[in-house]
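Visitor: Chains as they are written, first to last, in my numbering: chain C, 1 to 418; chain H, 1 to 418.
Since the hints were derived computationally from the structure, they do not count as laboratory data. There may be inaccurate statements among the hints.
If several chains are the same, the list does not tell them apart, and a pair holds so long as it fits within one copy or across any two.
Heads up, simulated DSS-like pairs for lysine-lysine below, C-alpha to C-alpha not over 25 angstroms straight-line [said to hold, decoys possible]:
| hint | residue 1 | residue 2 |
| --- | --- | --- |
| 1 | Lys-227 | Lys-151 |
| 2 | Lys-170 | Lys-303 |
| 3 | Lys-112 | Lys-227 |
| 4 | Lys-103 | Lys-170 |
| 5 | Lys-219 | Lys-52 |
| 6 | Lys-170 | Lys-48 |
There are 2 protein chains.
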Amino acid sequence: MKNTETLLPLAQAARQASSLAASLSTTIKNAVLQQIAQELHARREWLKAENKRDLQAAQTQGLSAAMLDRLTVADDGINAMIEALKQVSLLNDPVGEVVRMWKRPNNLLVGKVRIPLGVIGIIYESRPNVTVDAASLCFKSGNAVILKGGKEALHSNTALVSLMHEVLRKNSLPETVLQLVPPVERETLYAMLALDEYIDLIIPRGGEELIRSVVAHSKIPVIKHYKGVCHIFVDESADQDMAEAVILNAKVQRPGVCNALETLLIHGGCASAFLPRIVSSLRGKNVEIRACGQCRTIVHDLKEASEEDWQSEYLDLILSVKIVPDLDAAIAHIGRYGSMHTDAIITRDYSNAQHFLGRVNSSVVLVNASTRFNDGNQLGLGSEIGISTTKLHAFGPMGLEELTTLKYVVYGSGQVRE
Amino acid sequence: MKNTETLLPLAQAARQASSLAASLSTTIKNAVLQQIAQELHARREWLKAENKRDLQAAQTQGLSAAMLDRLTVADDGINAMIEALKQVSLLNDPVGEVVRMWKRPNNLLVGKVRIPLGVIGIIYESRPNVTVDAASLCFKSGNAVILKGGKEALHSNTALVSLMHEVLRKNSLPETVLQLVPPVERETLYAMLALDEYIDLIIPRGGEELIRSVVAHSKIPVIKHYKGVCHIFVDESADQDMAEAVILNAKVQRPGVCNALETLLIHGGCASAFLPRIVSSLRGKNVEIRACGQCRTIVHDLKEASEEDWQSEYLDLILSVKIVPDLDAAIAHIGRYGSMHTDAIITRDYSNAQHFLGRVNSSVVLVNASTRFNDGNQLGLGSEIGISTTKLHAFGPMGLEELTTLKYVVYGSGQVRE
Chain C
1 MKNTETLLPL AQAARQASSL AASLSTTIKN AVLQQIAQEL HARREWLKAE
51 NKRDLQAAQT QGLSAAMLDR LTVADDGINA MIEALKQVSL LNDPVGEVVR
101 MWKRPNNLLV GKVRIPLGVI GIIYESRPNV TVDAASLCFK SGNAVILKGG
151 KEALHSNTAL VSLMHEVLRK NSLPETVLQL VPPVERETLY AMLALDEYID
201 LIIPRGGEEL IRSVVAHSKI PVIKHYKGVC HIFVDESADQ DMAEAVILNA
251 KVQRPGVCNA LETLLIHGGC ASAFLPRIVS SLRGKNVEIR ACGQCRTIVH
301 DLKEASEEDW QSEYLDLILS VKIVPDLDAA IAHIGRYGSM HTDAIITRDY
351 SNAQHFLGRV NSSVVLVNAS TRFNDGNQLG LGSEIGISTT KLHAFGPMGL
401 EELTTLKYVV YGSGQVRE
Chain H
1 MKNTETLLPL AQAARQASSL AASLSTTIKN AVLQQIAQEL HARREWLKAE
51 NKRDLQAAQT QGLSAAMLDR LTVADDGINA MIEALKQVSL LNDPVGEVVR
101 MWKRPNNLLV GKVRIPLGVI GIIYESRPNV TVDAASLCFK SGNAVILKGG
151 KEALHSNTAL VSLMHEVLRK NSLPETVLQL VPPVERETLY AMLALDEYID
201 LIIPRGGEEL IRSVVAHSKI PVIKHYKGVC HIFVDESADQ DMAEAVILNA
251 KVQRPGVCNA LETLLIHGGC ASAFLPRIVS SLRGKNVEIR ACGQCRTIVH
301 DLKEASEEDW QSEYLDLILS VKIVPDLDAA IAHIGRYGSM HTDAIITRDY
351 SNAQHFLGRV NSSVVLVNAS TRFNDGNQLG LGSEIGISTT KLHAFGPMGL
401 EELTTLKYVV YGSGQVRE
């Protein structure tokens, strides 16, 4: 469909449904989430069959194996969605929480109360599980949601949404709380991104190119991260066994994700001891190393890093390595090349740990722990809808609370202003 | 200056200064604010002389009396700036506050720590006091600030900024912490609004037209409110003396501001008693009333309101009045015509009060109090840099906290992810 106003009724319907979504009780929200989980289990064969239609089309079109893998909905994927739904149903409902309340000298009682954002648009690629994960988080936080998945996952997403609609209907709730955008031309989608009167927030999830095009076209606020160029700095005082374990975990455990390690910084004072050791371990895990000139005077056969390497999110078994003269040089390197995503120091020195935590303003800053902990589940938010490296509204993993805002309520007894 | 890249070095300098601004101690920040207050007092004759240059130019150009009034820097205006500076110096420094910290099952200690946003751009008109007020709030919250005042206030703003720069220099701090944008063409300013790599937030303060043009051109997040169409709903159970006092205060005390009352909604059950009374009081204060048809069956000589009236922010001694059948109709009217700014109910009924507070999702919702309390000082934030009706990041009056964000810090002891 090419008419750029095609999605206007959908956005308007979402805005209308958002009042109802905001007023649902925790009990009914949890019941809906649990029923969706049950339906996913009961209808898994049908879901897999619908998914197969997408997979066959994708194969015909010659999509990469990685794309096919992300598109696949198999039993373990369905089980993971069911688990996620149950988990979200167990999380505290953020809506209505009074986070603070205070009394003014004139006896006005002033409070800040958590309310849903309203209408949230999620724009994503391939993975059909995002359809259920994102919908459940938006629903639990009292928001209406508009889902725009990839064309390649159309049958899978349609099946998942129709299943969720059925549960909504059974509970006498309007389907418009949760809508899937039909396949439209790019221009039509861009036109939707101008509907700031009806949509409160856009969260794009996918590659940097998708995200940049959403940001470029959106009048609606966008929360996103472009990439994760994550650093670990090995301080002179570091426990080298710990440094090795953390670096291997951060680089190798799952290299294709945004919180994986991309650049290793080593203090000059421990480089001659630590560099050969970590190079050998990394090579044992098939990691390609691209190093600074000084590294290459210690381990001669290292490939030289280019300026571009310091800015690269490899998402692969590649690591750039640099020796820095001191802590402040490491912090300066992170400030210059980092992406404000996740950065860590390995140290035994108290004051260096505190200095690093204070001066590195990334969304998650760690001492003596793997960068892989920048994750809503791992940090204890329960679940996450994405990670933000934008400082406005949310910074770091976004859980249910980040899908809400705070309004002021004032209890008076006839006060007027002098 | 027309080269659209003119402001790039200024934005880059602000970004560079922002690290230093973020790391300043509370002690030095407060000392700087107090010294600026002292200098304002010591150099008030010079400031007034510089302001006179603006006023003379404005008179020559035939600016309105209201504009001239807003442009004037007289002794009471200087005293107010001095007071505001002292007040900001007394506020808690938000930077570094640990708002929460918790332990994970694997013994990771995870905390959320308040950090400055980075670089904040303020775009405003006429009033030179905004130069000092906004600069002081951004400085206290550890941000670098870029100030873009109106051309008509150039000499006044330049004088105020040069005075602040002098204090910064005396304290060995870089002037780039706080910069004034020179007079530039509109296109050059719009080009600055694309520099999202260097500027974290834009706050426009002024008329709706200015704000809309900033929003339309900015790639940087903007926090703003377009207008305040504020409502008071007089419930059937309302104490009519209280209702009258609150309505008069909200409409008359300062009609030209965004939290003044613009539309009065009256429950049908008390309209025949209350409407004649409030009409008489309002007319006694020279308020023009534009009313719905039902109102005019009770008070016959009322002017009829048009559809446009329900959407109007008069900023003047005009009030639209409507009779509604019940509480939910009042809430629906506010949902349709309101601006999510400030809305109040006058009631003696407990459950209606709670229902109104729960269902009206404006930035400030009040029971039995004047809409004029939507103000940072009045609600106890100490000071405000503006009011947001955008739900993202800040909703309602924005104080020092709203000029910061929260990063995650993680204290580990070698943890890796399974």
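Visitor: State whether the alpha carbon distance between Lys-112 and Lys-227 is at most 25 angstroms within one copy, between copies, both, or neither.
Guide: Intra 34 angstroms, inter 22 angstroms, cutoff 25 angstroms: inter-copy only.
Visitor: Within a copy, between copies, both or neither: which one fits Lys-170 and Lys-303 at a CA-CA cutoff of 25 angstroms?
Guide: neither (61 angstroms within a copy, 49 angstroms between copies)
Visitor: 25 angstroms Cα cut-off: does Lys-219 pair with Lys-52 within a copy, between copies, both or neither?
Guide: neither (36 angstroms within a copy, 40 angstroms between copies)
Visitor: For Lys-103 vs Lys-170, is the C-alpha pair at or below 25 angstroms within one copy, between two copies, both, or neither?
Guide: The answer is neither: 44 angstroms in one copy and 40 angstroms across copies each exceed 25 angstroms.
Visitor: Tell me, please, which holds for Lys-170 and Lys-48 at an alpha-carbon limit of 25 angstroms: within, between, both or neither?
Guide: within (23 angstroms within a copy, 71 angstroms between copies)
Visitor: When no copy is specified for Lys-227 and Lys-151, does a C-alpha distance of 25 angstroms or less occur within a copy, between copies, both, or neither?
Guide: within (23 angstroms within a copy, 40 angstroms between copies)
In this structure, the hints that do not hold are numbers 2, 4, 5, in rising order.
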